[in-house]
Amino acid sequence: MMYEKLKAEVCSANKELHALGLAPFTWGNVSAVDRENGVFAIKPSGVAYDKLTPESMVIISLKDGSVVEGEFNPSSDTPTHYYLYKEFGKLNAVVHTHSVNASAFAQAGRPILRYGTTHADFSYTEVPCTPALTEEEVKTEYELNTGKVIVKYFNENNLDTDSTPAVLVRSHAPFAFGKTASDAVHNAAVLEIVAEMALKTEIIGGKVAEIDNYLSDKHYFRKHGKDAYYGQK
3 MMYEKLKAEV CSANKELHAL GLAPFTWGNV SAVDRENGVF AIKPSGVAYD
53 KLTPESMVII SLKDGSVVEG EFNPSSDTPT HYYLYKEFGK LNAVVHTHSV
103 NASAFAQAGR PILRYGTTHA DFSYTEVPCT PALTEEEVKT EYELNTGKVI
153 VKYFNENNLD TDSTPAVLVR SHAPFAFGKT ASDAVHNAAV LEIVAEMALK
203 TEIIGGKVAE IDNYLSDKHY FRKHGKDAYY GQK
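So for the sequence shown, the working numbering puts the first residue at 3; every next one is plus one.
Keep in mind that the hints were calculated from the coordinates and are not lab data.
Note that the Cβ used here is the ideal one computed from N, Cα and C, for glycine as well.
Here are the simulated DSBU-like cross-link-like pairs (lysine-lysine), alpha carbons at most 30 Å apart as the crow flies: (1) Lys150 - Lys92; (2) Lys88 - Lys17; (3) Lys150 - Lys17; (4) Lys17 - Lys7; (5) Lys220 - Lys92; (6) Lys17 - Lys225; (7) Lys17 - Lys92; (8) Lys150 - Lys88.
The following label-pair restraints were derived from C-beta to C-beta distances: (9) Val69 - Glu138: 23 to 29 Å; (10) Tyr144 - Val102: 19 to 25 Å; (11) Gly208 - Thr120: 17 to 23 Å.
Assemble the whole structure, with the sequences as input and the hints as a guide.
In structure tokens:
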């Protein structure tokens with residue numbers, strides 16, 4: 003069998019996602035890419051997290067989104083992951099969850115604004131929320147069009163998946179990105195904390211100002227390095 007390391011990494015990350023409480027039941031998935039071999043691995047559809055093994059991960063072709071290896075059906079969100087990897091050449095891992103607080107902002111159609119230094123450590127920008135998919139987009143290739151709405155929003159707003167490591171899909175839920183599968187899970191976990199903090203900040207303070215740029219920059223660049231900057235594809 004091929005891709006043992008990739009499948010082990012993705013299996014472990016999916017189990018971590020569930021252990022952190024970010025994906026109850028089977029409401030979430032993690033994938034990671036092997037660009038050298040032109041594939042990515044993703045969680046199988048409908049398999050409980052405690053039943054996952056490296057062998058149950060599904061290998062998908064980056065060329066056309068077809069199944070290369072695996073005995074199970076891939077996650078229903080596979081076309082979204084496929085399109086993100088296809089269009090974002092630096093992207094290495096994707097996590098999709100229905101974590102409560104981040105999903106609440108997505109359902110409200112609201113970005114998560116930069117209220118404090120925890121957010122600034124995590125992301126250079128607000129966590130954006132995409133426009134809603136149209137009725138036609140939902141009825142035809144819904145999951146693929148979910149990827150397309152994310153990519154279109156990032157391209158139109160000059161965003162990248164390094165400095166903006168998460169996004170909310172309107173009326174749906176969040177996606178998070180990372181350098182590895184474990185890193186993407188970490189970003190999904192931080193996203194949920196940031197979303198809860200933002201929600202409570204708004205409840206306590208009503209209309210609250212965002213963090214000052216000089217303080218946000220101090221935290222972001224201190225953590226990510228002086229060469230990390232917004233707008234690099």
